[in-house]
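Chemist: In case you want the letters, here they are:
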Amino acid sequence: MSILIIAEHDNTSLKPATLSTISAAKAIGGDIDILVAGAGVDAVATQCAAIDGITKILTVDSADLSHPLAEALTPVIVKAADGYTHILAPATSFGKNTLPRVAALLDVQQISDITKVIDDDTFERPVYAGNAIATVKSSDAVKVITVRGSAFDAASAEGGSASVSALDGAEGLGVQDKASFVSQELSVSDRPELTSASVVVSGGRGVGSAENFAIIEALADKLGGAVGASRAAVDAGYVPNDYQVGQTGKIVAPDLYIAVGISGAIQHLAGMKDSKVIVAINSDEDAPIFQVADYGLVMDLFEAVPQLTEKV
Amino acid sequence: MKILVPVKRVVDYNVKIRVKSDETGVELANVKMSINPFDEIALEEAVRLKEAGTASEIIAVSIGPDKAQEQLRTALAMGADRAILVSTDKAIDLGGVEPLAVAKTLKSIAEKEGVDLIIMGKQSIDDDSNQTGQMLGALLDWPQGTFASELKLDGGKASVTREIDGGLETVSLTLPAIVTTDLRLNEPRYVKLPDIMKAKKKPLETLSEDDTGVSFAPRLEVVKVSTPPARSGGIKVDSVDALLDKLKNEAKVI
Ligand SMILES: Cc1cc2nc3c(=O)[nH]c(=O)nc-3n(C[C@H](O)[C@H](O)[C@H](O)COP(=O)(O)OP(=O)(O)OC[C@H]3O[C@@H](n4cnc5c(N)ncnc54)[C@H](O)[C@@H]3O)c2cc1C
Ligand SMILES: Nc1ncnc2c1ncn2[C@@H]1O[C@H](COP(=O)(O)O)[C@@H](O)[C@H]1O
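Which chain is which? The protein sequence lines are R and W, in order. For the first sequence, our numbering assigns the number 1 to the initial residue and increments by one for each residue that follows. For the second sequence, our numbering assigns the number 313 to the initial residue and increments by one for each residue that follows.
Derived DSS-like pairs (lysine-lysine); straight-line CA-CA distance at most 25 Å:
| no. | chain 1 | residue 1 | chain 2 | residue 2 |
| --- | --- | --- | --- | --- |
| 1 | R | 137 | W | 402 |
| 2 | W | 328 | R | 116 |
| 3 | R | 276 | W | 558 |
| 4 | W | 558 | R | 222 |
| 5 | R | 116 | W | 332 |
| 6 | R | 116 | W | 536 |
| 7 | W | 564 | R | 276 |
| 8 | R | 222 | W | 548 |
| 9 | W | 560 | R | 222 |
| 10 | W | 469 | W | 314 |
| 11 | R | 137 | W | 332 |
| 12 | R | 79 | R | 56 |
| 13 | W | 464 | R | 178 |
| 14 | R | 178 | W | 469 |
No wet-lab data here; the hints were simulated from the structure. Predicted model only: the values in this text are computed from it and were never measured.
Using the sequences and the hints given, assemble the complete structure.
Modeler: Listed below in structure tokens is the structure:
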């Protein structure tokens with residue numbers, strides 16, 4: 001078995017989701033190499049070389065890859081894929097955007113969002129918003145897989161000494177004229193990243209407004225946690241889109257998840273029900289969220305949350 | 313401009329699904345079925361482009377059982393001009409027609425119809441694959457704007473704002489292109505009774521797997537489908553102090 005991991009990075013540092021993907025690769029077994037494609041990726045390559053258990057880092061360094069456009073990355077990854085039995089990427093917006101293009105060109109049916117490795121060709125993945133778990137066995141020659149970060153521990157970022165070399169024959173592969181990057185508007189925050197935080201405090205429609213979200217943020221800050229939200233809170237404009245937790249948002253599994261003013265729709269539960277401890281604060285004692293909560297507090301959130309922040 | 317909108321028949325998002333007791337799949341008999349919600353958003357966007365005079369024709373396509381005609385009729389009622397059903401007896405949620413086969417089928421239809429834009433869902437809420445649009449983009453060698461929260465067309469270009477993990481990103485695509493929808497792109501309209509009546513007269517063509525020249529044979533064998541372990545029921549606490557006590561001394565998470 002030989003596995004190629006597609007590193008997710010911003011040309012400066014490696015995104016933590018890649019480390020979880022590496023743990024999934026280790027569960028498959030075999031040699032693990034990492035592809036670092038981007039512009040000015042030396043620092044990222046060095047970081048990857050230090051990860052425990054990696055054989056080889058392949059780099060493709062080109063101004064054409066300064067933004068991770070799927071159209072530009074796909075031919076590069078397809079070129080790098082030659083000879084590997086498995087191609088893995090994190091199931092983040094980056095991996096979801098790019099890897100199916102690679103799979104299609106390799107004529108492979110991708111396996112999305114795996115949560116468990118059974119053996120080298122059989123994997124578990126949640127379907128129907130996590131209300132069913134499918135065990136699937138691939139008959140494709142190459143397995144193209146995205147990995148759910150919350151389902152695998154991060155591999156150790158230290159202790160490795162992989163070789164670093166440029167991928168041969170990749171010159172010019174990232175050139176394309178059909179898609180171009182225009183701009184981005186990234187949320188800036190000092191809080192831990194939502195999908196890897198050990199504490200997440202999420203607010204829903206019950207929070208009522210963008211201003212009121214300050215009480216959710218205050219509690220998160222006191223606990224050193226990240227802030228999440230339900231779709232309803234995002235749709236209403238209380239918080240940016242990248243706060244959405246759920247089936248079609250981010251999947252989180254922190255040690256402590258506090259759901260505030262969230263009813264507990266299956267689409268929301270899909271994104272947080274693997275958290276270790278779940279707390280629900282809701283004024284409706286029949287809210288479905290209480291069915292998954294370890295500790296439920298039936299109380300007005302405007303009373304409960306400030307008290308909690310003060311006393312914690 | 314011709315727009316293609318693929319629509320998938322899926323279990324309605326409000327249904328709490330049940331896994332079959334023999335673990336071969338999910339119970340679909342007597343379950344409410346709907347258009348995949350992301351495909352409704354795609355249809356709405358296409359219809360708005362037609363209303364704005366940008367689009368000339370909207371073609372809705374579904375690969376699925378004969379009953380997917382229901383979803384295609386809804387698509388026609390929402391404003392699609394005609395519909396194509398690629399009829400199959402194979403499952404379309406698990407263990408049957410997979411995203412790669414769907415993408416190949418859509419490619420053949422897009423090429424035959426000569427469409428300029430494909431707007432489709434980012435994800436089916438049954439298989440949760442999030443693959444088909446990207447695969448179709450690669451097979452056609454078209455650019456893609458996935459997870460779109462805004463779409464603007466100008467000349468031969470599409471400007472797409474995408475919902476990404478860190479926030480928002482805008483890309484510019486040269487048409488023909490593929491856009492996959494996210495939740496914030498628009499709010500789909502409700503279909504009105506007169507539109508449902510009108511939709512009955514709109515053309516709905518049926519093709520078979522053989523007509524498309526694409527094999528629907530699955531690449532993934534579904535070994536089993538199981539119910540995830542349920543969380544054991546928790547308790548209710550009656551005050552903030554009691555909650556804090558539990559979190560500190562019982563759960564030991566703070
Ligand atoms: C295709 C699709 C994809 C979706 N994807 C997602 C997803 O990824 N993530 C997601 O979250 N949702 C998703 N949804 C939406 C989901 O179905 C629900 O609509 C949504 O989760 C509801 O959000 P909410 O719980 O905040 O709002 P509501 O259901 O309106 O609940 C608000 C809650 O706040 C409580 N409340 C109100 N005031 C107070 C107060 N003062 N004090 C205490 N409690 C109070 C109420 O009792 C209620 O329980 C999706 C839906 C579809 C169709
Ligand atoms: N059987 C199908 N018929 C029509 N469109 C489909 C079908 N399967 C998937 N699609 C389209 O592809 C999108 C993404 O689906 P998926 O890759 O399965 O998550 C859906 O939102 C639909 O627009």
